[in-house]
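*Asks:* With chain A fixed as given, assemble chain B onto it according to the hints.
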Amino acid sequence: MTSPAETPRPDGQEKPIGLGLLRCNYNGKVWDLKLVAGSVHQVDGFGGRRQRIMFVSAVGTSKATEGLAAMLRSRGDHEPSFQLVGDSMVPWKHEGVLRDPGFSYEVETFRLSKDLVHIVGTTTRKGFMASFSNRAIWNCLSSDAFTTPVLRTWVQPLAAEFMERKILVKCASYQCQGCFLDLRPAMLDRIVCDMVKAKKLMLRE
Amino acid sequence: MKFVPRRKTGYHATPLSAIAEAVDLIGEPEGDASSLSLFDPFAGDGAAVLHLSRLLGVKPDRIYAVEASGERAEALRRLIPAANVLGPATLEKCSITKQTMSIALIHPPHADEHGGGPGRQAEYAHEALQHLVPGGIALVVADARCWKEPAFCNRIANALEWATMLPPWRDGESTVSMLIGQRRRRSESYANLPQILNKLPGSKYTLLPGRAVTHFVKYGHSDDEIIDLLNRSPLMKAAEPPEVKLAPEPPMELGRGHVALLLASGFLNGVIQKDGEPPHVVRGTARKAESLVSREDSSNDNGDRVRTSVYTEKIELHVRILTERGTLHDLSSGDSAA
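Going down the list, the protein sequences come from chains A and B.
Residues -1 to 203, numbered by the numbering used here, are exactly what the first sequence covers, in order.
Residues 44 to 381, numbered by the numbering used here, are exactly what the second sequence covers, in order.
Since the hints were made in silico from the structure, they are not lab data.
What you are looking at is a predicted structure, and each value in this text was computed from that prediction instead of being measured.
Glycine included, C-beta positions come from ideal geometry on N, C-alpha and C.
Under 8 Å between C-beta atoms, here's a sample of chain A residues computed to sit facing chain B:
| id | residue |
| --- | --- |
| 1 | 13 |
| 2 | 14 |
| 3 | 15 |
| 4 | 32 |
| 5 | 110 |
| 6 | 142 |
| 7 | 146 |
| 8 | 147 |
| 9 | 173 |
| 10 | 187 |
| 11 | 191 |
| 12 | 195 |
| 13 | 201 |
The shape of chain A in the complex, shown without the other chains (with noise of 0.2 Å):
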């Protein structure tokens, strides 16, 4: 078992990154993008269980990312579908994976150039975070969709506990990390009375 890590990186420290490919296909229409991030996993949903997109970043021509866009926010009948795939470095690949159901996508871009346009796309299920670690799961707990006094030193030992109870899982990602943390509550109300009587959580420092 792991726990998330702080990942605090100097200023100009490099990071290396690769451009896979996304391959949108939707009403009988397929493009390609590059990929630059992206997250899926599989949750419940109409047709069962099967991969969704959780979170992709991608570059493109302005056509191609307005698709993009519009595949994300889509609620017809024509199920868009996608494929991901990672670059000769780092070999990654999901096919035939579809949108969230029932949730729909943050969507922001940034132009690049007058014809590469920067998207992400970023499911608004709560509990999804695109970012695997410590800083990103105090800010879910410290949300007002949680009313359990938590304290920051708590996060660890609470990060392990979600994963050892599978309430934290990671999602299958290419450049980033990304987690999905399913947590009602009143499970948190339980599992942190559980883990301050059982000592596992201190109040004194």
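*Replies:* Structure of chain B alone, referenced to chain A:
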């Protein structure tokens, strides 16, 4: 943080001795030597293409080179300032007039390199061969893994009329070979490598004059350029750990109303311990909740029943306390959750 292209596993230069061996098999050029043109779609730092041009007498301004790496493209420009260089660029993102070059040196990325592999190498080589004039000479360099792959060999053989395999050489852990061949003058038809190997009618390959290259431009961005551009994108932060908001320090001592306000906004969350009492953790959360104001049943002119419900949103404050014994107290409702 700066994003940099993922490091490639190696760069394989064509040895100059292999080029000299290939040139030994090439005869005098047909027609005016000044019209010879040389194409290198994977030029590297340019040492090989410069050597080949000198041996064949190709003018530097008739050298056409494409290089994917920005650093090597710069080195190439410095080495042969008069050459036509596109870089950083990949052949697939360049628009170059086809059937114009007298000779091409084709050394695609090896199977162990980023973007390499027999399938890709065959595609690259096939694309590069389209730029030769009919009867033009191709020097194709590939590692042993490719030459053992029938699909790769057939792809090359389909475009060539005759070919000769030169002695291999060691490059690190792999064995690399160069094939010299003449592009078919007529439309391509099916052939395999044994059918065309060592079937050259004469002893030397004929070097034909090149044609005018009217189009030699790059479109789109190479992967390295895209990664450079991505460094400017604020959206790259989406995959990074989020920043944690820190509570600001109050500029003055808090009054009674301030405490309630700060508790509601979550700024006073944390451990509280009075002297002589056990510690407890407190958390205040303010959320909006919908509540029904009124509900009215009526009927419209058509006789249909209409129900009108009016809702309002109000702020709900939850203050919860966790004791050292693992008990939760909800101050809003006054009951205990666990």
